[in-house]
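Student: First to last, the sequence lines map onto chains A and B. Position 522 of the first sequence, counting from 1, maps to 522 under this note's numbering, and the rest follow consecutively. Each position in the second sequence, counted from 1, maps to that position plus 997 in this note's numbering.
Quick caveat, the hints were computed from the structure, so don't treat them as lab data. Please read these numbers as outputs of a predicted model, since none were measured by experiment. Don't be surprised by glycine CBs; every beta carbon is placed ideally from N, CA and C. A hint or two may mislead.
[Unchecked claim] Simulated crosslink set (DMTMM-like; lysine to aspartate or glutamate; CA at most 20 angstroms straight-line):
no. : chain 1 : residue 1 : chain 2 : residue 2
1   : A       : Lys499    : B       : Glu1018
2   : A       : Lys499    : B       : Glu1222
3   : A       : Lys499    : B       : Asp1242
4   : A       : Lys734    : A       : Asp18
5   : A       : Lys347    : A       : Asp385
6   : A       : Lys499    : B       : Glu1234
7   : B       : Lys1461   : A       : Glu49
[Said to hold, decoys possible] Partial chain B-side listing against chain A, Cβ under 7 angstroms, derived:
no. : residue
8   : Tyr1050
9   : Asn1111
10  : Leu1172
11  : Ile1195
12  : Gln1199
13  : Phe1313
14  : Gly1411
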Amino acid sequence: MFSYGLVAQTVIKGKVTDDTGEELPGVNVVVKGTSNGTVTDIFGDYSLEVNDPSATLVFSFVGFESQEVIIGSQSVINVELVTDVVSLQEVVVIGYGTTTEKELTAAVSTIKSEDITKLNPARIENVLQGQISGVQITSGSGSPGGGQNIRIRGINSNGDNRPLIIVDGVRYGDDINTIDPNNIESITVLKDASAAIYGVLGANGVVIVTTKSGKSVFKPELSISGYYGIQETERKIDLLNATEYALLTNEAFAAGGQAPIFTDVASLREGTDWQDEVFESAPIQNYTLNYRGSTENTTYSAGASYFNQEGIVGGSKSEFDRVNVNLNVGHQLYDKLKMRTNLNYIKVDRKTLPENVIGSVLFNAINIAPTETVFDADGNFTTADNLGIEIINPIAQIANTFNDTETQRLTGLVGLTYEVIEGLEVESSLNFNYADVFTRSFQPEISYGVDKVFNAEVSSVSQSQQNFISYNIDNIIRYNRTFNEVHDVNFTLGNSVYKTIGQSLFVSGREIPNNSFEFADVRLATDFDDIIPGSSSFDTRQWSYFGRVEYNYESKYLFSGLVRRDATSIFAPENQVGYFFSLSGGWVFSDESFFPSLDFFDFGKLRVSYGELGNDRVPAFGFISQLDGEAEAIFDGEELVLGRAIGRLPNPELQWETTRQFDIGLDLDFFEGKIGIVTDFYTKTTEDLLIPVVPASGLTGTSAPGGSGPSVNAGEVRNRGFEFSITYNDEILKDLRLNVNFNYARNDNETISVNDDEVPVFAGTFSVGGTDDISRFQKGLPLGAYWGLATEGVFQTAEEVAASAQAGNAQPGDLRFVDQNNDGQIDDDDRTFIGSPIPENIFGFSLGLNYKNFDLSTLWEAQTGHSLVRNYERTLPRVNRRDDAIERWTGPGTSNTFPRLTTGETTNNLFSDFFIEDGDYLRIRNIQLGYSLPSEVIEKIGATKLRVYATVNNVFTFTDYQGYDPSASNGGGLNGTNDQGFYPLARTYMFGFNLTF
Amino acid sequence: MKNIYKYLLLLPALLFVTSCEDEFLDEPPEYSIDSENFFNSEDDYQQALIAAYDLLAAVGYVTTITSEIASDNAEAGGESATDVVAWQEINNMEHTPVNDQLRNIWNWNYAGINRCNYIFEFQDKTDFEGRTQVLAETSFLRAYYYFQLVKWFGDLPMPLDKRVLFGEASGFARLPKAEVYTQIEEDLTFAAATLNPIASQQGRATRGAALALLGKVHLYQDDFEAAATQLQTVINEGQYDLFGDLENLFLSQNENSIESVFEIQYSNVQGAGFECLQCSEGNVMVGFSGIRGYEGPIYRSGFSFNVPVQELVDAFETGDTRFDAAILDIEAFVAEQTETVSFVEGFDHTGYYTQKYLPRQGEAFQDPNLTNRTNIRQIRYADVLLMAAEALNRGNGDDAQALAYVNQVRARGGLANINVSGSDLTQAIYQERRVEFAGEGHRFFDLVRTGNAASEIDGFQTGKHEVFPIPLIEIQLAGNVWQQNPNY
């Protein structure tokens, strides 16, 4: 400008506050259409030089509606920003890009950090539970570091149903327990076909985690938080005490024609409560420190956290310990070139005890006789003789179990973004993950009693060293332009290259010095005879292109379309390439001129999406057969000779499973955003279901040592459902703020076809009765349906037995089975559908109250419609029983639900609905009461915020389920809810603080 | 400085343009041998042969204990009526097509056959000295596995010379058992003609093993002349003899003795687990047959399955030294001991245990019940002699020679000679087989093949129980193309 010197420079000053008069620091103040701007200081004040009185100032701040003020003749401009409750302009992450809440056309849900930290979660799965409709969390184990399962909109696959986890734009591995929930800024869940931007990875939905990054604030912010808590078991199983046990055991022996075991029952009293012996109070603690801020060209965030949890079973023998350190820096290198970097170091140390298997600690605690004591008169562990070879003293077991896994992981990212011209940017990023995993398992020389299968005659140690490396290169071009002020267009075009490799070494040795864990290392072992060291490696690669077009007209008519091409080395060369796509549209009908302007109605949007996604999670190279079977023979008396044999059967036809999903949704906001409603209907069908190890005919040799069935594509399954969520957020009385969220999801799962409809795919063992293949993938049933005999009460008299299909095979007091095919006999053909492992209804409810400096929140969740298999009992003569055996059948008219007890032959242990229980439950997940200290107090220590709180997690579960955890599942499609003593959740009482400077 | 932008822009562009995608993706797995590029050297063939031998350990134990339980020699036993239901049902002749043990027998034999056929599939790929020897051993093993299967299940699907791949099982119809026997004879004839009398390592197939098995196969088809020919060849070649100290024949120091024509080798060098019994290199039936809750000298405790019944005890003549070799009378044993001995009575406790396969101290490794080293004496010279005697006698051949063979076996048992002929001799041979091989798993199929099963085994139905049902799940997995055996 030649007139440069002639233009008057005016300084505009002012203060920015919120609608309560509170000063707002960090508010952006910009002259519209220029890069001239500043941010408000800690007192909300700003000053800015302006050279054009006709210009407009734009005040913007996250969480508030932007305001524009024409300068005119003013030199002081004070502004009061209004809270943007509707948050329609809030940014939503959608995979390789972002959009706004308003322009979103996909079924996407987001959780913000404030909703995360109030739950004090140990893992990110705990964050999702009950907070997002359509997301089901089941507990694989309540043990420290134990796995939880995330399922989005039902179960698609017999194989791997886990959603894709993206952290800061990059796919994370399977070890999501290494993520520190306190460092999460937001979690976004892509539920519908819009996940197709991740192509062959997206069929199970996508969870996008964004961690805390540097913040454009005036003043750096230091936050410190911590909590300490005590955990106890949330539930116990009601078992017989010693007297009851002895009476019932005697009765069973008598019925089996054997002499009674206990002669002096009266003297036994309560006996040992083994669950009390096994469960203990255990500490949990977490401390987090984060420092973040910005300078003119740089944003930064650095933090560290420490988390430690001991187990309610086994204490420090079942411990999880995690250290996270992270650094996140963004820097404007040049005018148009930005760089972002991210570095995370994680160290996890986990100790475990056997769980949810026959012979696990809880299994032993349930089955061991209450007449046994923990220690004998000499102070040695008792040996649980007469209780079968698989049941041992659980306290002795804890003392003699040593398993340790140590993981160290380094994750890093460097990305460059170049703005070519306005609206066009090019981004290139490289990410890597490096992880070392060391495991050590020590088996002392131990005898738990005569013949026990866990006895070891010689001490041994097994160690492994595993190393995982993956890298990902993403190149993305984005173009955004608005034409004629109404046509808004966004293009995204990208290429992604991914490689993951891993290698492992396994070694073991025997004869550990002093039979002691302290010396448990192979270098000190002295016996290596015939021990075969192992190693393994894998290498998987993927090469992808993707593109997305988003268009909207006046933010009213919205459209988005995307396509992705994936090529993956998991499959045979001719099956490597796949195309995936989605199309979605939205209509903000409330913006239509013909739409009546209603006081109470702010916003309405209709969304529709459809697309095709993939899932490639099967072991790599399933299309060829490797000679990794076991081939061992003994010659010349004692010489072990090794050979080579086929392991897993190959399947050259193997390819990904394909999911097609249709979604229609409606978003509504009422009363200035105080009430928000989101509803969705969806239907998704998954074809070519991947089954990782399918049972194969014995003729193929898969039962040989080291052999297994191939991975195959088989069948089709459909999930259909409805989701509804409503939020209410308002200041209902002066100083009393209320926010409520209720969400509900219904999902119906049905198998549409199986490759060979005559032959279902089956899996699972009911160990109580020794029945195999209890869970089915069968046309017309939910995936993993339990298949067994149906019962109709208990035979009361010999006449009833004689008149039934069980004549000759049953006695009065036995379960009466339904003769489904009316052929006059009970056999395998009478098995039928007796329970589904998949919940039909999932509810979540949260409530928050803020009154002055106090805050109170609670989260409840419920699931109904699923069943679990009660499989944590043993049928051996001398094991303990649940206390409903007290109400057993003892003669005509005594019970029509619980059969007689006997040690003799009985059909009562056949797999039937007697062993199936409803898993319906309602759980109070969390109650928290917090108090923020008044500012006059905390200003003395220079802090801006100090909040202390008390919280209880897993407060109580309302359920009829008799086992430890009605929300438990191993997460698989087949046989998911086979309860062999799932580790219960811990009820936790915690005290904590959040301090910000 | 601005130029740097242009170069940076090139970075992504490069990746888009130079599509090295194919090279990137076509990376074969490292350090792995796949099934189609194998068999390039003698070593490869030898290693595949080891894999074929591997299944002998599993098949040997499961067929021995299961057939013993099926016979009139033993009760299933165990801890309770529901302990290993599959054996309880077989013991009671109530078995159905859903039976774990029968499925093991079916699957493990076919797994062995599949590993044999893998070698045959590639038999012409690489030539080397000793190739015929490898093929002969493979033929012997395939014949062994098929013979087990045809005894247990009758007509069979019979894949030959090629692996069965996933989805191919339905292409194999059940062939009449005569055809299976023809194939077995062919394999064994080739093996007998090719194999050395002395194997390079104990436990491998020999000419004697092939001939003896061939003789047995003929005997099972009532082809007495052919049986006698093969068995007498074994006898006349003079390589084997009866082991003098019968009482100790089944101890590990006497494994692979002069009497051993074919012996399945077990060892305690490796641990094992219940989740994969077929993976154990130990003899699993030993731990399962052990004295329940035993604490005392000599023996170790076990799971008290396969307990001999009084009827078997009574079958021994007074003075038969084979009784102590075969049966442990636990009460008598306890009474003899000076130190304290304790044990627990299991289900169907008879007071007897099968001495030949009892767990003994110092014989097992980690998980002692699964890793006992006692070899299974699959074909003993005594078996050859008695089979030869039976073939001669029932084939209307030389009764005198037959009687001589029988008396040779009796003399070793400390019994006087008998002097009978014709059908009396036949009965005497049957009786001799019962006591000589008590606990060794021969009895059930001896009764079946001689038509005596229905009269000796409680619950045995003629026309049904001669063969066992094909596991239902295997019929389904093979596409429902096989008819179940009659009356199951």
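Student: Next step is simple, just say for each hint if it's right about the structure.
Tutor: Results for each hint:
no.: 1; hint: A:Lys499 x B:Glu1018; in the structure: holds (12 angstroms)
no.: 2; hint: A:Lys499 x B:Glu1222; in the structure: violated (68 angstroms)
no.: 3; hint: A:Lys499 x B:Asp1242; in the structure: violated (66 angstroms)
no.: 4; hint: A:Lys734 x A:Asp18; in the structure: holds (16 angstroms)
no.: 5; hint: A:Lys347 x A:Asp385; in the structure: violated (42 angstroms)
no.: 6; hint: A:Lys499 x B:Glu1234; in the structure: violated (65 angstroms)
no.: 7; hint: B:Lys1461 x A:Glu49; in the structure: violated (103 angstroms)
no.: 8; hint: Tyr1050; in the structure: holds (4 angstroms)
no.: 9; hint: Asn1111; in the structure: holds (3 angstroms)
no.: 10; hint: Leu1172; in the structure: violated (13 angstroms)
no.: 11; hint: Ile1195; in the structure: violated (12 angstroms)
no.: 12; hint: Gln1199; in the structure: holds (5 angstroms)
no.: 13; hint: Phe1313; in the structure: violated (30 angstroms)
no.: 14; hint: Gly1411; in the structure: violated (29 angstroms)
Of the numbered hints stated above, those contradicted by the structure are hints 2, 3, 5, 6, 7, 10, 11, 13, 14, listed in ascending order.
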